[in-house]
Amino acid sequence: MSSPRSQQASDCFDDLLDCIIADVASECHRIARLGLDRNLEEEEEELRRSVQARVADQSSGGEANGKNVVDIFGQTHPAIASEIFECMNCGRPIVAGRFAPHLEKCMGKGRKARAKATRSSTIARNRHSRGSPVSVYAPYSSATSTHRVPNGTVGGVGEEYADHAFEEP
Amino acid sequence: MRASINRPPTPDAEEDPPQKELSLREIINIKLIESGEKEKLMELLRERLIECGWRDEMKALCRAYARKKGRKNVTVDDLVQVITPEGRASVPDSVKAELLQRIRSFLVSSSL
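These protein sequence lines map, in sequence, to chains P and H.
No gaps in the numbering here: position 38 of the first sequence is 38 in UniProt numbering, and each next residue is one more.
No gaps in the numbering here: position 59 of the second sequence is 59 in UniProt numbering, and each next residue is one more.
To be clear, the hints were calculated from the coordinates, so they are not data collected in a lab.
Treat the hints with care, since some could be wrong.
Here chain P is said to cover these stretches of chain H; the calculated rule only asks that three of the stretch's residues, wherever they fall, bring their Cβ under 8 Å from a Cβ of chain P [stated by the list, open to error]:
hint, stretch
1, 39-46
2, 81-87
3, 98-112
Yeah, the Cβ is synthetic: ideal placement off N, Cα and C, and Gly gets one too.
Turn these sequences into a full structure, and let the hints steer you where they fit.
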């Protein structure tokens, strides 16, 4: 093996290594300056510990806490969602956090709601009675009737719908 | 003879040998880059140095230095100076041998 060639090869290697060293230095410099590395400063570390403690609480049991948790963007959310929007069933303005109970009443799980609802949906059902399933309803959750009103029903049947299982002819 | 006919001797006669070494090195570098071999060698070296933990050691050195000096007072040059001696010394022999072998065969195959 000729000595000049070994020397050249060694020089090449050193050159490559210097490039890689520069890359590592540059990356570490960036991490240091941007504060991306956790343990670089004591104060920052304590700050991060407190934030992390909250985040850890959230991830392990945060649903139970609900309040004072921090999401990945550092935002906190109130326990009850307060945005107001329009119910797509009755058109009333509803607070988002109260939407589920409202929807129960609005779409009907109790007798009163169902009686009220069947009146309005019967009309809708009559329009669709010849061919398509009713699209106004969500399926009921009561024990007696869990299926949609089948095709071909005529109005008026719906009023008894609530009380007994519906039989197909 | 008129003075203007005689051309004065080229002034940099003594500087030729150093220039030749430099330009050979440059020729090698150019050939490495043009053939794409330099990039392959870099990738190979990078990969080996990551595998053997060398990169993590260097990053640890940087972190320690940054912690000592203060995160915002660090410069790239500082870090290069911090890592270079240890970096050059701690490359595993097998990695160095592998790279040298590849470089040598490149030099041979390019008749350099």
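Inset, instruction - List in ascending order the numbers of the hints, as given earlier, that are violated by the structure. - result: No hint contradicted; all consistent.
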